[in-house]
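Participant: Residue-level listing of the chains:
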Amino acid sequence: DTAVSQTPKYLVTQMGNDKSIKCEQNLGHDTMYWYKQDSKKFLKIMFSYNNKELIINETVPNRFSPKSPDKAHLNLHINSLELGDSAVYFCASSTRDRREAFFGQGTRLTVV
Amino acid sequence: GQSLEQPSEVTAVEGAIVQINCTYQTSGFYGLSWYQQHDGGAPTFLSYNALDGLEETGRFSSFLSRSDSYGYLLLQELQMKDSASYFCAEGGSYIPTFGRGTSLIVHP
Numbered sequence: 006d007t008a009v010s011q012t013p014k015y016l017v018t019q020m021g022n023d024k025s026i027k028c029e030q031n032l033g034h035d036t037m038y039w040y041k042q043d044s045k046k047f048l049k050i051m052f053s054y055n056n057k058e059l060i061i062n063e064t065v066p067n068r069f070s071p072k073s074p075d076k077a078h079l080n081l082h083i084n085s086l087e088l089g090d091s092a093v094y095f096c097a098s099s100t101r102d103r104r105e106a107f108f109g110q111g112t113r114l115t116v117v
Numbered sequence: 494g495q496s497l498e499q500p501s502e503v504t505a506v507e508g509a510i511v512q513i514n515c516t517y518q519t520s521g522f523y524g525l526s527w528y529q530q531h532d533g534g535a536p537t538f539l540s541y542n543a544l545d546g547l548e549e550t551g552r553f554s555s556f557l558s559r560s561d562s563y564g565y566l567l568l569q570e571l572q573m574k575d576s577a578s579y580f581c582a583e584g585g586s587y588i589p590t591f592g593r594g595t596s597l598i599v600h601p
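Here the protein sequences line up with chains A and B, keeping their order. The numbering of the first sequence is the working numbering, which starts it at 6 and goes up by one. The numbering of the second sequence is the working numbering, which starts it at 494 and goes up by one.
FYI, nobody ran anything at the bench for these hints, they're computed from the structure. If a hint is listed, it holds; no wrong ones were tucked in.
The list that follows gives simulated cross-link-like pairs (lysine to any residue, SDA-like), each with its CA atoms no further than 20 Å apart:
#  : chain 1 : residue 1 : chain 2 : residue 2
1  : A       : 49        : B       : 578
2  : A       : 45        : B       : 577
3  : A       : 45        : B       : 596
4  : A       : 41        : A       : 25
5  : A       : 46        : B       : 593
6  : A       : 41        : A       : 12
7  : A       : 41        : B       : 588
8  : A       : 45        : A       : 90
9  : A       : 41        : B       : 496
10 : A       : 45        : B       : 537
Just the calculated beta-carbon pair ranges, DEER-fashion:
#  : chain 1 : residue 1 : chain 2 : residue 2 : range
11 : B       : 506       : A       : 85        : 48 to 56 Å
12 : B       : 572       : A       : 19        : 41 to 49 Å
13 : B       : 501       : A       : 88        : 20 to 28 Å
14 : B       : 600       : A       : 77        : 37 to 45 Å
15 : A       : 59        : B       : 508       : 45 to 53 Å
16 : B       : 537       : A       : 45        : 16 to 24 Å
Here the structure is a predicted model, which means the values were calculated and not measured. No residue lacks a Cβ here, since even glycine has one placed at the ideal position from N, Cα and C.
Chain A extracted, bound-state conformation (with noise of 0.2 Å):
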């Protein structure tokens, strides 16, 4: 029954490994994203994916990329993982006017 659901919660990984962090969403929404909180709570847009469009914000670097097999799916996909990319990351799905979005229960990733 879960709207937006993503695996893993927890995910602790050396330095320089590559990961990837599942969502689904099953509320038939045609646009997720991906999202970045730090610790000091600063939410950042990562990603945003809508009927096949990729939107990408610029600052995020290209080690992180989005792939979607299906309108439900959205996974995070992270290659030579570095300290800095400690963090929480969310899933979110919106409504068609975009207006509104639901959020995973987030991936805590530790980089060690």
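Given chain A, work out where chain B should sit, using these hints.
Facilitator: Just chain B now, kept in the frame of chain A:
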């Protein structure tokens, strides 16, 4: 670039009314959304204003003035459970920018 400014912290007592302000500088502005986030939790949607004026949803109300690039979230009859972070955000955008969040602390 896009930016939304809000106070970093607000404190109030139970039963009081508190207003969290948000000023914005964005291009192609659609509307203003508000989210609540408890520690360790995910942001949850509270309200959206596309047009000028006040929107009321129970104890929470949100206001927008497009001419002043300003909005606020009004919380009435504060309860301890309202202690959380509150974010204003661009609503309607494909790349929505969020404010840095206001930590609301409600005291008994």
